[in-house]
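Engineer: Residue-level listing of the chains:
2 protein chains.
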Amino acid sequence: MNLYAERIGTLRDFMRQNNLDVYYVPTADFHGSEYIDEYFKVRTFLSGFTGSAGTLYVTLTEAGLFTDGRYFIQAEQELTGSGITLYRSGMENVPTPEEKLKDLLADGGTLGFDGRLLSYAFLMQLKESLPDTVTIRHDMPFPDELWSDRPALSARPAFRLAECYAGKSTVDKLSEVREAMKKVHPDAIYKNGASERFHKNTDHTADVYLITSLDEIAWLFNLRGNDVVHNPVVLSYAMVTDTKAFLYLNPSVLDADTKKQLENDGIIIHPYNSIYEDVSKLRACPVLLDAKRVNCALVQALPKECTILDATGPILLAKAIKNETEQKNLVAAHIKDGVAVTKFMYWLKKNIGRQHMTETSAADYLLSLREKQEGFLEPSFETIAAYNANAAMMHYSADEETAAVLHPQGFLLVDSGGQYYEGTTDITRTYVLGDIPYEWKQHYTAVLRGMLALSDAKFLYGCRGINLDILARGPLWQMGLDYRCGTGHGVGYLLNVHEAPNGFRWRIVPERNDSCILEEGMVTTNEPGVYVEGSHGIRIENELLCKKGEKNEYGQYMYFETLTMAPIDLDAVLPEEMTAKEREILNNYHKKVYETLLPYMNEEETKWLREATREI
Amino acid sequence: MNLYAERIGTLRDFMRQNNLDVYYVPTADFHGSEYIDEYFKVRTFLSGFTGSAGTLYVTLTEAGLFTDGRYFIQAEQELTGSGITLYRSGMENVPTPEEKLKDLLADGGTLGFDGRLLSYAFLMQLKESLPDTVTIRHDMPFPDELWSDRPALSARPAFRLAECYAGKSTVDKLSEVREAMKKVHPDAIYKNGASERFHKNTDHTADVYLITSLDEIAWLFNLRGNDVVHNPVVLSYAMVTDTKAFLYLNPSVLDADTKKQLENDGIIIHPYNSIYEDVSKLRACPVLLDAKRVNCALVQALPKECTILDATGPILLAKAIKNETEQKNLVAAHIKDGVAVTKFMYWLKKNIGRQHMTETSAADYLLSLREKQEGFLEPSFETIAAYNANAAMMHYSADEETAAVLHPQGFLLVDSGGQYYEGTTDITRTYVLGDIPYEWKQHYTAVLRGMLALSDAKFLYGCRGINLDILARGPLWQMGLDYRCGTGHGVGYLLNVHEAPNGFRWRIVPERNDSCILEEGMVTTNEPGVYVEGSHGIRIENELLCKKGEKNEYGQYMYFETLTMAPIDLDAVLPEEMTAKEREILNNYHKKVYETLLPYMNEEETKWLREATREI
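Same order as they appear, the protein sequences are chains R and G.
Heads up: the first sequence begins at 224 in the working numbering, then just goes up one per residue.
Heads up: the second sequence begins at 224 in the working numbering, then just goes up one per residue.
Treat each hint with caution, since some may be false.
Identical chains blur together in the list; that is why a pair holds if it fits in one copy or across any two.
With a Cα cut of at most 25 Å, we get these calculated BS3-like pairs of lysine-lysine [stated by the list, open to error]: (1) LYS414 <-> LYS350; (2) LYS830 <-> LYS573; (3) LYS350 <-> LYS406; (4) LYS573 <-> LYS814; (5) LYS804 <-> LYS664; (6) LYS323 <-> LYS406; (7) LYS595 <-> LYS572; (8) LYS804 <-> LYS681; (9) LYS406 <-> LYS325; (10) LYS814 <-> LYS681; (11) LYS681 <-> LYS815; (12) LYS774 <-> LYS664; (13) LYS664 <-> LYS681; (14) LYS405 <-> LYS325; (15) LYS573 <-> LYS815.
Because the hints were derived from the structure by calculation, they are not lab data.
In isolation and in its complexed conformation, chain R is listed as follows (with noise of 0.2 Å):
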């Protein structure tokens, strides 16, 4: 009997003992993390498909996985013979778990899930769509004895990170926190567990707050870990109050100076888990969270006196504004990350056809130049290195087995970014290896003039990315081509490389939260692209910082400051069609990066810099 048939019947046993008749697992940690750690990975174990994305349900006759446009093979190959239907998300006549759950349920049953890997948004809507027969058991964890060697969860060392990189204390964050705790504006107020109205005007002090996303408790205590890949921070919850701070997470993670360090900063340390049971005795008072972050478990885990106040809460706009020795460390950091970007782009246009190299090996020797960067360490993600037609599978990823061999002809694109001790980076380059069709230039020149038009873009302060995307996405519509995603995301400082509230996108996607007013402080990258399936893709990536201009009697004038310094390969560029403004935009950003690389380039990579950011 294939393994994971055998994995799912057993879970069916715990499902009869407990009288569940649909068994629902998401890709989730407890804390709705981007990236999730190996503890965390039930949904491959009982399904054997090793994807990023997917959703799994299990009914006592039945199984269906649910994963998108970038899974479809992978998953058809790992699910053969688990019984396991598959579920294409997206397309036509597919429906969404959501769906699916509703219409296995029409006729009531019982549905268990893990409620801390599913936010208490998502339960409201689930009892809003499911019928009022179906009972809903979120105290239902996939148990590890069906698991017999499911790894720990994570508890790998932590450390503080020291002013002159966050730049303020925990003492002064926390004070901050506790000042907004005094004017919360909830999208919602909940009580006994259901809906009782909306509040549209009307602010609220918060008793409590909680915290559960770990960027967000990462940021707060200054505080910086490795228990999620590529984002450094601590499996944690934290619970702040008017007058104490509480933060759960495994002990041993702490060295003794760093426990002192966060006791002497008045921070109460409990276990990771007792915050459940620590909630549980909250006397009645108002709890700031917010419902589609903290998950369910947690909310349900508070007294039924306690009033919630949902909401977005303090900490994801602070972070988001970076402070003033942030911005000045990201600076830095960019340039450590454009001294290796830039090596390794002489390395690869001096060395390709004249030795072996294929996409896992160029990334693999990025790595090794960002390795050599002081404060560098770790990939803020996993690289993308995509030759040709790989490149136009957005989210291409190779291993050594399958990677293309890289020959002096076509695109190689390269999206990659550390995380140093100043901040975290995230580049795309498109290099040209050797000769191109004309219409790959064509393209190329399009994708530059929409990054150079948005990174040139002033604006009157409210504007939102929504505002603005169309300088990135207007050369390439123009051409009646397009992107199918956003045109950048928010990033944060040795933190999560996609972080809320910014980004630049033209459609709303209220799910993304990324459409915030462009702040002063923000980072955002800017990453047009063109992806034509089949035949090559093409990105090229600038992070741009938010800056306040001139202010005048139409208000206060935002532009972007390009921290990204690496050259734009000038070989795929028709300067004809671009207009002289766009040329002028270009030669100046080429210039500063010459100047600034400069330092850093011994003498045949200074002679090949000057050509690389040569003015067109």
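Please build the complex by placing chain G on the supplied structure of chain R, with the hints as guidance.
Structural biologist: Structure of chain G alone, referenced to chain R:
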């Protein structure tokens, strides 16, 4: 005693008789119209303030009037001696009328007003913001007997718009409306006058649809009239059920033939005011209405057993999407309008400095040219002809006494439009009358560049005005300039020159309702500008018809066809500040203007037009 102080005194007697503590007088008719007829000018009658926008409140001891920056000086003069306090809306520390009411009624009391002048949404807001101890009397119309020579309700002749103009029969429109009534997606559902709950994902069937916006009624019944200045509408209400359609109006406005036509379409005609009694007799059923538009007296007249489905009705969007006949006619209307405007430009440029001209005499001459066009009915709004510094006032309006004399120097801004059987037009040109400073040319060129960029937009279906606005505004923002208004508004078809739900604007303003997805067939103005107080004003306005372009794997592309056909004064253009692409768009436009208008020009005009539309 001041006449208005006396009138306020008489109102106070009425208030005492009815135990009213506060009486509230907005500037409105029973239909939420943009312009109001003489009958409705109670606020002017009571206060003496004649501006187009203002809100009056009266208590037993004080009275106040709120108006905006356009009218501060005028209101101050007109209110002198009335004892009415002027509230300068928008200035620091000045409350809104709603805040003032809250303040006046903080300790309870009775508020009275004519509920036919305020929307149901406004009433719901009032109820939420005022203390529970406040009694709201919406059944307190201003008594006719206190206004001895009050003008009668307008009852000007109505006429039917032939299908060759309307493009669709009332029977067909009714059947589409009824189809839409089967699938209503309400924003809110009210029962017993109280908000019961929000439904987000459920559809409802409406048995009755109440329509009170005059342009919506005119559109549905292919009926036009003259009851609101510049808006060719008929004072009326309408009620549609799944089998019947009721039209409420003063029967004297219909001649026998028009009445017959309407009856042949199955429309039941009732007297204007009887809708209040008719709705009070409805059986318990779901009633579709737009709470933001339907007056609260009418909603309160519904039996408590009726369920109110608060949603934007289907007519708003259907009316905004011009059908093929309307689109074809609009092209013709804009040629006629363009002929008038172009002949005006020729006359102006030729005669400036040679004959005496003022702002109003120029506007009169332009009107005389429009009147020569077949099918012209009336101006679609009051012409703005503003010379130099006057044009910096966006809503400048001259009268013969105050009108500036035009000299052969500076700018004349003319914003005007016409109502034709073939549609409604709106065009602004800024003319060079002689020498102008170099800076004015820079401003003019920037405005022009923005106007051209927006006209030339190509975008994926799904875009809204907020996505495209920066194309028009960007060149000005780059210079640290801005205009403090939207870039453009929807335009009706032989209806209101300002029409929801389409528009161009960078910030969503919910009450404007002008940020819908741009659909094929929508007509929107494109009118960026520069306004420098005390110096000059520039606006260049074309109307854009939204069209479908190519459809490919990225989606449906959309673009604009420019409807407006009149030269843009090249005498203020700095070609060296434009890109080659911008010059190409302008040259192509001028080529089309020349070719289109040629047949209507005499020899001298043709010679001039060739030069006025020359390539740059």
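Engineer: Look at each hint and say if it fits the structure.
Structural biologist: Outcome of the hint check:
1. LYS414 <-> LYS350: both (15 Å within a copy, 23 Å between copies)
2. LYS830 <-> LYS573: within (12 Å within a copy, 63 Å between copies)
3. LYS350 <-> LYS406: between (30 Å within a copy, 24 Å between copies)
4. LYS573 <-> LYS814: within (22 Å within a copy, 52 Å between copies)
5. LYS804 <-> LYS664: Both: 19 Å inside a chain and 20 Å across chains, each within 25 Å.
6. LYS323 <-> LYS406: between (40 Å within a copy, 23 Å between copies)
7. LYS595 <-> LYS572: The answer is within: 20 Å in one copy meets 25 Å, while 71 Å across copies does not.
8. LYS804 <-> LYS681: Result: close both inside a copy and across copies, 14 Å intra and 21 Å inter.
9. LYS406 <-> LYS325: Cα proximity of LYS406 and LYS325: across copies only (21 Å, versus 38 Å in one copy).
10. LYS814 <-> LYS681: within (21 Å within a copy, 33 Å between copies)
11. LYS681 <-> LYS815: within (20 Å within a copy, 33 Å between copies)
12. LYS774 <-> LYS664: Between copies, since 23 Å is at most 25 Å while 40 Å is not.
13. LYS664 <-> LYS681: This pair counts as between: shortest inter-copy Cα distance 21 Å, intra-copy 28 Å.
14. LYS405 <-> LYS325: For LYS405 and LYS325, only the inter-copy Cα distance (24 Å) is at most 25 Å; the intra-copy one is 40 Å.
15. LYS573 <-> LYS815: within (23 Å within a copy, 53 Å between copies)
Every hint, counting from the list given before, is met by this structure.
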